[in-house]
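Engineer: Next come the chains, spelled out residue by residue.
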Amino acid sequence: MLVRSWKGSEWMINPVQVPIISGTKLARDGEGEKIDSTYYKQMIGSLMYMTATRPDLTYDVSLISRFMEAPTELHYQAVRKILRYLKGTLDYGLFYKKRKSERHELVGFSDSDYARDVDDCKSTSEYVFFS
Amino acid sequence: MCLYVDDLIFTGNDEGMFRTFKQSVMKKFEMTDLGKIKYFLGIEVTQSAGGIFICQKKYAREVLERFRMDD
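Those protein sequences? They're chains A and B, same order as listed. All the letters of the first sequence, read from the start, carry residue numbers 83 to 213 under my numbering. All the letters of the second sequence, read from the start, carry residue numbers 726 to 796 under my numbering.
Among the hints, erroneous ones may be present.
[Stated by the list, open to error] Distance condition first, Cα-Cα at most 20 angstroms in a straight line; then the derived SDA-like pairs of lysine to any residue:
#1 B:K783 / A:S119
#2 B:K763 / B:K782
#3 B:K761 / A:G127
#4 A:K169 / A:S128
#5 A:K169 / B:K747
#6 A:K169 / A:A109
#7 A:K169 / A:T133
#8 A:K123 / B:A774
#9 B:K763 / A:D173
#10 A:K123 / B:T736
#11 B:K752 / B:G767
#12 A:K180 / B:T736
#13 B:K782 / A:A134
#14 A:K179 / B:S773
#15 A:K180 / B:E787
#16 A:K180 / B:G776
#17 A:K179 / B:G741
#18 B:K761 / A:K204
#19 A:K169 / B:E790
#20 A:K163 / A:K204
#21 A:K123 / B:F792
[As the list claims (entries may be wrong)] Cβ pair distances, simulated, as ranges:
#22 A:E155 / B:E790: 17 to 27 angstroms
#23 B:D739 / A:T140: 54 to 64 angstroms
#24 B:R791 / A:K116: 31 to 41 angstroms
#25 B:L733 / A:V189: 15 to 25 angstroms
#26 B:E740 / A:F212: 15 to 25 angstroms
Read the hints as simulated data drawn from the structure, not as lab findings. We put the beta carbon where it would ideally sit given N, CA and C, even for glycine.
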């Protein structure tokens, strides 16, 4: 599994940059004015779906989601940073390479625990695919 | 098999089995066979001799536009 991009006719292997927002210390009581939490949640939700083909975003997206309840300008700036990084890496994706002299074998595993949380019925699920 | 509202994809390691499956569902329900997967739920798929590539370039563009990152 590699983060690669398709440049018209050839594959480019992209060096994955250092974590985008790890240099920023984020705390619950972030600096700056409070921002609209609905808008903040919409940004996070959109980025969460993006992690389907972008494992390089997973850490940062899960970090910013801790502050959904009462986001401030500082948290908002961290999200903007992720979006800026995304803008510069639009071609990134996952490449499942076919092994030489073998049949292409794509293997997938998944597990789900629906409505396991006794308080809010939230589900837990995960999956992994590799070749 | 994965069904999302009116989009359906399926795969398998037995070609004869999924060909039979396709024929039977196409007989039962009105649907169009779009061939090999290219796009599903915002995920773009490119299948080549070297392997399979998946990305969300189009979706990413929509996200950037929605949150005004087009500056």
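Engineer: So, against the hints stated earlier in the document, which numbers end up violated here?
Structural biologist: 1, 3, 5, 6, 8, 10, 11, 15, 17, 18, 20, 23 and 24
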